[in-house]
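K.L.:
Given chain A, work out where chain B should sit, using these hints.
Protein chains: 2
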Amino acid sequence: MAAYDDLMAFQRDTMALAQVAGRLGWDQETMMPRGAADQRSDEMAAMEKVLHARRTDPRVGEWLAAIDDAALDPVGQAQMRHIRKAHARAMKVPADLAAEIAKVTSKAQGQWAQARADEDVAAFLPVLEQVVALKRREGQALADGGDVYDAMIDDYEPEMTAAELGAMFGAMRPRLVALREAVLEAEAPQAISGHFPADKQMELTAKLATTFGYDLHHGRIDKAVHPFSSGSGHDVRITTRTSELDPFNCLYSTIHEVGHACYEQNIDDAYLLTPLGGGVSMGVHESQSRIYENQLGRSAAFTGWLYGQMKDTFGDFGIADADEFYRSVNRVHEGYIRTEADEVQYNLHVMLRFDLERALMQGDLDVFDLEAAWNDRFEADFGYAVDKPSNGCLQDVHWSVGLFGYFPTYSLGNVYAGCLYQALRGAVPGLQDQLARGDLAPATGWLRDNLQTHGGLYEPAEVVERASGVAPGPEPLLEYLEAKFAGIYRL
Amino acid sequence: MAAYDDLMAFQRDTMALAQVAGRLGWDQETMMPRGAADQRSDEMAAMEKVLHARRTDPRVGEWLAAIDDAALDPVGQAQMRHIRKAHARAMKVPADLAAEIAKVTSKAQGQWAQARADEDVAAFLPVLEQVVALKRREGQALADGGDVYDAMIDDYEPEMTAAELGAMFGAMRPRLVALREAVLEAEAPQAISGHFPADKQMELTAKLATTFGYDLHHGRIDKAVHPFSSGSGHDVRITTRTSELDPFNCLYSTIHEVGHACYEQNIDDAYLLTPLGGGVSMGVHESQSRIYENQLGRSAAFTGWLYGQMKDTFGDFGIADADEFYRSVNRVHEGYIRTEADEVQYNLHVMLRFDLERALMQGDLDVFDLEAAWNDRFEADFGYAVDKPSNGCLQDVHWSVGLFGYFPTYSLGNVYAGCLYQALRGAVPGLQDQLARGDLAPATGWLRDNLQTHGGLYEPAEVVERASGVAPGPEPLLEYLEAKFAGIYRL
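In the order they appear, the protein sequences are chains A and B.
Note that the working numbering has the first sequence beginning at 1, numbered continuously upward.
Note that the working numbering has the second sequence beginning at 492, numbered continuously upward.
The following block holds chain A by itself, in its conformation from the complex (with noise of 0.2 Å):
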């Protein structure tokens, strides 16, 4: 079929591009001079300028009216999902609205980061006023009617509603409420403490990353001030960073930012440059990240081997033996930050701000509503008041720059990787004694070849519930949790 082949030649190319202006992401990040900052921002918004006419390229149409998708196999038939649903998004926002909003979020984002360093609340409200008008309107014209809210989740895990999210999250928060409560009642293990040089960290974190599977043939890890991954197939690059009083943050950035890889990097070649090469949706991302970091990397078996390798790397640093590790790697803690906490509270920091940005965008919110009503849902669930904003409604960068519909998928991502857990162990004998002896490939290898290398083959749901064998639900993850903080804190 000419005009299939014509779209996918084309395709692989925008693909291509996507993957250059995703590696220039990374540079900024990592390589770039420091007074290359303007001269950058003109060749991203080139670059965007390039990729945003091929998304709208109207040969694309041309080409989608010609093709017989039943015609197909499978797989071109999923190319073909991806490709439609990618154009009929690019066609339904008007060019203006789509500028304005580049124009707005770029500004928002400035006045956030400023806000947040004056704890300012309302010197960003009224540019956050404008983004929530402009993505409102961005949904009305992505819904065709419907849900507002769900359009914008359907940008970050396709098929997914806010009333499906909304059921799953209600189930959830009751139970992790009561777990947070009884652990933070409960005696808390040691903290670790001490000084763990920056270069020796790096040292260790690689030996983990390659541990965990991620392929330096095909990727490299540097430093940068947030940890990410950048970029697919062939070529997927880590960041770290080190803290030397916190070894913890650099090891445990470093795998679940390898999960994050491993999942580009392990999907089927032969998707390679096409819209099935790169990772299916926004939570799937996030199982895989999660479940290397959580399920496997701070399982008793695993950081068992793990404090083994500190030993040697470190020397003796305080703590006594592997089982006080492994609680000390589990330590939960109160905090006001999502990014800085731990398996038991991580979620109840997402679900805050997805019934807030939930009314945000169905409009039972107003922005200027929603410093009190973060404060007193934080309260609610958390037991204290935030002390200030950059503690609170500031910490995160989402809204500022239009990310609405995203927070979700980090819980999501939660969900699936309990669905996955609970299969793995099930589908691969002696597990535990495989990570107790720093074993990881029959666990990754058993991800790769069940999940990971089907890219975006499969909507987001059905590859979990493929790999996993059961339909996505959040009861393996809450019994997960409560198993195993009642053994860590003996309740």
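What the hints contain is simulated information worked out from the structure, not anything from laboratory work.
Here the structure is a predicted model, which is why all the values come from computation and not from measurement.
Worth double-checking, as some hints may not be accurate.
Now the stretches of chain A that chain B is said to cover, found in silico as 3 or more residues with beta-carbon under 8 Å [to be verified]:
hint, stretch
1, 44-58
2, 210-218
3, 481-488
Ideal Cβ placement from N, Cα and C applies to all residues, glycine included.
P.N.:
Here is chain B on its own, set in the frame of chain A:
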């Protein structure tokens, strides 16, 4: 003028995209994971397609037709000169010929590398014959009935001709051959020897880079297999390499690349991401790298300062004093390889290539007679025979990738550097005292203000003449070389 503004906005994005493509090339040589090479070639090809489509975009022709250059200020007129020229060039070469050249040179580069490794000229000549035939067709398309080789030179050195270069080189060659013979009959200076740790070379090389004015706020230094400078404006990066037995390789390649990089960094900010925002020609570019490296960097005054820096960095390395060090830095030695040649012999290597490629392009030399012609000419100028093809006609990558007309710009750069240095000595009082204390600011500042800042504003020979006060010619270079090496070799 709306058409001019539209054209310049379009051009600005094109320049920004060209910067992105260039940075991708930098990444490939410095950072890219080895396993990413195949994906990278798809990414580069996609960028090239975008750039090619912009160069031949029909809107450009419409804007050009609508613009009255005479109504513009001198800067606008210079911008139009570049844009009209590039557009005319893009229109003259048929798309299928351009694609064929890209395809064949890509293949030829691989075959050249293999043939060089195998010392097998015959394996390379069939594909070189194809390259030569295609480049001659391109030259004919560009030349409008004029000289094919002139049309090619014009790509690298606008307004220069083979006849002019031939006359210049004809005047230089006998004096350089005579100087070479006299020098090699005299007593040779001591060669540097010892062990120079790579990390200390990198420290010293970074210090040298900033000493020569390289701005690390808008650049960075990394290691690569081949030293190069990459990028324009606010993001100009250089690479170097280290050999622990030969510190001059690292230090002088850095000074050379800093010359190129400072030219790009020092162009007037008003020209950023416009056709005036890059070096005006290969010859002028090379004049900057060469004057930094040789006339300044290998001067008696500066090497006196460098001798102290070397001792501070590496301790005693067996050279007794600054005078011996100066002689050692400028040691003339026999050899086959252009890139390893000293100031005396370098231009003889270039002239050999100029005469041969001119004959190839003009149809006066058959590809299958190339090796014999090379070897005859080499023996005539250097007095000994080529021992193997990798030391002879297979040593350079240029012809395999279709670079004809590029070689002479290396020597033209030296000629320009000779003119500029003559003027610099007159214009900067106390120059030798400054160099002797490692103060390069007055010299590089003069080059910045009199030449580099102009970018593409003037034609190459014009900008050199404006700075040096004389029409470019070889006499200043020859006098400089004869005096310098008479002193070093006590002729």
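K.L.:
Now look at each hint and say whether the structure bears it out.
P.N.:
Consistency of the hints with the structure:
1. 44-58: holds (count 5)
2. 210-218: holds (count 4)
3. 481-488: violated (count 0)
Going down the numbered hints, you'll see the structure goes against just number 3.
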